[in-house]
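Could you put together the complete structure from these sequences and hints?
Residue numbers (the numbering used here), protein chains in the order written: chain A, 777 to 890; chain B, 284 to 393.
In short, the hints are calculated from the structure, not lab data. Here a beta-carbon is modelled for each residue, glycine too, at the ideal position from N, C-alpha and C. You may find that some hints are simply not true.
Sample of chain A residues with no beta-carbon within 10 Å of chain B, all distances over it, derived [unchecked claim]:
no., residue
1, V780
2, K789
3, G792
4, K829
5, K847
6, S863
7, D883
8, S888
9, I889
Covered stretches of chain B, as calculated for chain A (at least 3 residues, CB under 8 Å) [said to hold, decoys possible]:
no., stretch
10, 324 to 333
11, 383 to 391
Residues per chain, in single letters:
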Amino acid sequence: DVKVTQSSRYLVKRTGEKVFLECVQDMDHENMFWYRQDPGLGLRLIYFSYDVKMKEKGDIPEGYSVSREKKERFSLILESASTNQTSMYLCASSLRLLSNQPQHFGDGTRLSIL
Amino acid sequence: QQQVKQSPQSLIVQKGGISIINCAYENTAFDYFPWYQQFPGKGPALLIAIRPDVSEKKEGRFTISFNKSAKQFSLHIMDSQPGDSATYFCAASWGDKIIFGKGTRLHILP
Chain A
777 DVKVTQSSRY LVKRTGEKVF LECVQDMDHE NMFWYRQDPG LGLRLIYFSY
827 DVKMKEKGDI PEGYSVSREK KERFSLILES ASTNQTSMYL CASSLRLLSN
877 QPQHFGDGTR LSIL
Chain B
284 QQQVKQSPQS LIVQKGGISI INCAYENTAF DYFPWYQQFP GKGPALLIAI
334 RPDVSEKKEG RFTISFNKSA KQFSLHIMDS QPGDSATYFC AASWGDKIIF
384 GKGTRLHILP
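Spelled out as structure tokens, the structure:
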């Protein structure tokens, strides 16, 4: 089974801090994704990566950046955290960038910005 | 045009009943329609999926019905059980794009 591991389940940070969310997958998947999940808004794509050092903006990239230095690891960075970035963050991976490839999700990081 | 509209937002069903969640889309380029199930404290997981050349797909108690002309698809959960209580997301994808519905919180009464 594919395992996508997010380093923290809960995280509390302060406004203005630089925040790193880490994600690791163990199945040699090409693609990795970062989503944000908010009640009533569903899953919104922040960034995705289809290869090492490659990244593409999703629907809501403002205020975020990403890093993929190794195939198995994908990091989400909040450059200067703000209270409106309090949310559940989900990382996912898929084997290839094709429509019929399922995404495998981690269990999420619940981030609170005070 | 890239939205996937999901309804209802929440649903309460008696144990043994049929749960039905509906989704509608606009973009005819979508060629894969998965459903994801998410339990509290967990990430979403693929439940069942369908391609638009098929009108129905069944896996156990879970069935997707697909109406290409109406651009609608739905998830039916037969003999709903308390263990089915979760949030369900429909999605539509093509190429490297996937669009999720906003989710339905399903609660099955014991």
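Structure-based check of each hint:
1. A Cβ of chain B approaches the Cβ of A/V780 within 10 Å, the least distance being about 7 Å, so the stated non-interface status is violated.
2. Every CB of chain B is more than 10 Å from the CB of A/K789 (nearest about 21 Å), matching its label as outside the interface.
3. Chain B leaves A/G792 outside its interface by the beta-carbon criterion, the shortest separation being 29 Å against a cut-off of 10 Å.
4. The beta carbon of A/K829 sits about 17 Å from the closest Cβ of chain B, which is more than 10 Å, so the claim that it is off the interface holds.
5. The beta carbon of A/K847 is kept farther than 10 Å from every beta carbon of chain B, the shortest such distance being approximately 17 Å.
6. Residue placement check: A/S863 keeps its beta carbon more than 10 Å from all beta carbons of chain B (closest about 14 Å).
7. A cut-off of 10 Å between C-beta atoms contradicts the statement that A/D883 is not in contact with chain B; the least separation is 5 Å.
8. Residue-level check passed: A/S888 sits 16 Å from the nearest beta carbon of chain B, beyond 10 Å.
9. For A/I889, the condition that its CB be more than 10 Å from all CB atoms of chain B holds, with the nearest at approximately 21 Å.
10. Given as covered by chain A, the stretch 324 to 333 of chain B passes the check, having 7 residues with a CB less than 8 Å from a CB of that chain where 3 are the minimum.
11. Here's how the stretch 383 to 391 of chain B fares: 4 of its residues keep a CB closer than 8 Å to some CB of chain A, so the rule of at least three is met and the hint holds.
Hints 1 and 7 from the list above are not met by this structure, while the remaining hints are.
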